[in-house]
Amino acid sequence: MSAISESHPARAQTRAPVQGRDRPRRRLAGAAAGALLASGLAACGGGGGGASTLTWYINPDAGGQAEIAARCTEEAGGRYTIETALLPRDAASQREQLIRRLAANDDSIDLMSLDPPFIPEFAQAGFLAPVPDDVADRVTEDVVESAIEGSTWDGELVAVPFWANTQLLWYRLSVAEEAGLDMSQPVTWDQIVQAAEETGTLVGAQGTRAESLTVWYNALIESAGGSIITESSPEDPAQIELGLTSEAGVRAAEVMQMVAESDAVSAAFSTSNEDSTATGFESEDGGFQVNYPFVYPRALGAAEEGTLDPSVPEDYGAAIFPRVDEDTPAAPPYGGINLGVSAFSESPELAYEAAECIVSDENQAYYFITNGNPASSTAVYDDPEVLEAFPMAPVIEESLELAAPRPQTPYYNEISVGIQRSYHPPSSVEPGQTGEAATELIRAVLAKEDLL
Amino acid sequence: MSTTTLPPTKKDEPVSAPKARASDRARSERKLGWLLAGPAFAVMLLVTAYPILQATYESLFDYRLTDPENRSFTGLTNYWVILTDSLWWQSIGVTAFITVVTVAVELVLGFGLALVMVKALRALRPVLRAAILIPYAVITVVSAFAWQFAFDIQSGFVNSWFAWLPGVSENTDWFGDRWTALLVICLAEIWKTTPFISLLLLAGLAQVPEVLQEAAKVDGATRWQRLWRVTIPNMKAAIMVALLFRTLDAFRVFDSIFIMTAGANGTESVSFLAYRQTIARLEIGLGSAVSVLLFLAVVLIAFSFIKLFKVDLAQARGE
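First to last, the protein sequences are chains A and B. Under the working numbering, residue 452 is the last one in the first sequence; the count climbs by one each step, no gaps. Under the working numbering, residue 319 is the last one in the second sequence; the count climbs by one each step, no gaps.
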């Protein structure tokens, strides 16, 4: 999933190497490295960590993971201490940093917050410690299906489901009413674009050339009944079969082009990400948007700070992702974060114990309420506090049950970037041809015959 | 009117000319020279020559970082893949465009600033110099973000301030089109590195002997003539060195593109391509080959500057 929604850009912290207590060993190494070169090396030179210190590489958030780490440290009663280390802001850079460290057998990583589409790549490369059977049983109990699927590779659970994200169709109650749209019933892309054009409002989606474009395309093709990858092949990338030219692939491209060419999108549609989409929805032209649940606390926060009229978040409504075809249920995007334990960790058992603590219902509820990141555990959705903070929590849960993960393959980066290159800008998409061009590009890239 | 330069001073023959046997003094000086420069030379070998050699070696392999077992020797295949790919040539075009535009504009602007600094009152000069240098002290990523925010359609001020300009309106999406995106990238680069070029030119200006200026003045040369016939010919070496440094720098442009467009709309530079193959795609072999080609391009530029324009680096140092 994409960067922005996961990490709450508005509140995201700047990069910082390693948080938490300073161990003497690290301090010494840091001083030596600092004397020689830049302090940036200190974080890399941090060595293994004692038997009881676990380092958890987290994606930037509003401080929730650091708090959960502190809670679990306390709960462990001295058996282990969890330190957090901050990864870059966007998912692609998080993957780049982790994978390069793991390729160098870096044993300073114990736990990792992983973006689901990259999990197969980590697992296939042997970077994830196997999940013990009893742990696997416990962490998949009462967990939404998409989160389990997103933590699975080659038929086995390879990561621990933590929080699960999904995009909803956000709409302004007033706009839907004015357009006469019955939002209690599923709506299609055609309907919302038409409603926005009639009311002179905006439809927001992520048209920028980034991971979020793949997220959108994947949701469209899955909603149309197809898939980006129709035939997976973990070992030989040349055997991967793509469904971009299928009927569903063409239909997805049609919707993409229709939305991008309509009068209902902003002038900056080809550069709009989750954050700018949310900003557009907050403006007076806001009508509809597909986006992650973070947009709601974001608007509430802005209203509290006085930068947004309080009537705006009151006008927010949430529904299931729009359908591509009237009669086929939508397959909303699935994202979030799952926890991986490094294969090079010195204490994988403790790391799995810590992971179980991190994903406890209590911590997931806390994370949901304070950071706006939806839980993967179904029990959390019955928590009265969660329901109070997120009145649309039942919609989120339903959306997660319907959600379709992005293609699971160790070559995800190639496929996603190939799609981004071919389908951007969305207004240039030619339903018949773009799928063919993308298929050819991805085939050539996987065969190492083309640059990306 | 011909150009006016001082006759070049004849340099002393090196004491260690091959004919004569080196004297004791020359030998001990050479030894001292090695002792002084040796550590720096060793560090240079370690931090530049070693990575270059390793990249060259790895560029001959099909090697994916996550799959080291299947690493295989493929000879020059990676180079063939790159050189037959239109994306490579498109990136070369973009890089060359950015280089030519930014270096040309910077040279003119930088020269102007250098003249201002030279002519400024003695009391003002340090302040002016510091003020002009500030953009150069800003980290490129920070400057790229600043320019991106300024031109952003939602948070930027450019669209509302410059709406009176033809082609600019409230709805101008600067990063949504190739040429407008490249324009902003070039602007950011120019803003940031003009100070560098102007400092180098300032050093060159200071070298132009005042006596030549006075002689030209006595001969009745106008200000414009003095600039073109006296000042510029006398600082040719400084101009060439400034151009060379900036061209090499500009050819490796990465940060601004990474921040502002992430390569969208055909704005990928060669460095960006190397990043994407090596870091994002984890294809170490292919990425190394892109890096080696980039290195060769940079060497070619440096070589042609030195040979074609006869840039004498020693002269620019005032030797």
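If you are wondering where the hints come from, they were derived from the structure by calculation, not from laboratory data. Check before you lean on any hint, since a few could be wrong.
Unchecked claim - With a cut-off of at most 20 Å between alpha-carbon atoms, the simulated EDC-like pairs for lysine to aspartate or glutamate come out as follows:
1. 448/A / 235/A
2. 119/B / 29/B
3. 448/A / 58/B
4. 448/A / 214/B
5. 448/A / 314/A
6. 448/A / 85/B
7. 448/A / 436/A
8. 448/A / 62/B
9. 307/B / 214/B
10. 217/B / 249/B
11. 448/A / 69/B
12. 119/B / 58/B
Status of each hint after checking the structure:
Restraint check: the Cα-Cα separation between residue 448/A and residue 235/A comes to about 15 Å, which is no more than 20 Å; the hinted pair holds. Simply put, residue 119/B and residue 29/B have alpha-carbon atoms about 42 Å apart, too far for the 20 Å limit, and the pair is violated. Straight-line distance between C-alpha atoms of residue 448/A and residue 58/B comes to about 15 Å, which keeps the hinted pair within the 20 Å bound. Our distance criterion of 20 Å between C-alpha atoms is broken by residue 448/A and residue 214/B, whose separation comes to about 66 Å.
Distance hint between residue 448/A and residue 314/A is unfulfilled; the C-alpha atoms sit about 52 Å from each other, more than 20 Å. Taking the CA atoms of residue 448/A and residue 85/B, the gap is near 11 Å; set against the 20 Å cutoff, the hint holds. A threshold of 20 Å between alpha carbons decides the hint, and for residue 448/A with residue 436/A the separation of about 18 Å falls inside it, so the pair holds. Distance restraint check for residue 448/A and residue 62/B: the Cα-Cα separation of roughly 9 Å lies within the 20 Å cut-off, and the hinted pair is therefore satisfied.
Our distance criterion of 20 Å between C-alpha atoms is broken by residue 307/B and residue 214/B, whose separation comes to about 33 Å. Pair hint residue 217/B plus residue 249/B does not hold up; C-alpha atoms about 38 Å apart against a cutoff of 20 Å. The suggested pairing of residue 448/A with residue 69/B holds, with an alpha-carbon distance near 17 Å, which does not exceed 20 Å. A C-alpha spacing of about 53 Å is found between residue 119/B and residue 58/B, which places the hinted pair above 20 Å, so the restraint is violated.
Of the numbered hints stated above, those contradicted by the structure are hints 2, 4, 5, 9, 10, 12, listed in ascending order.
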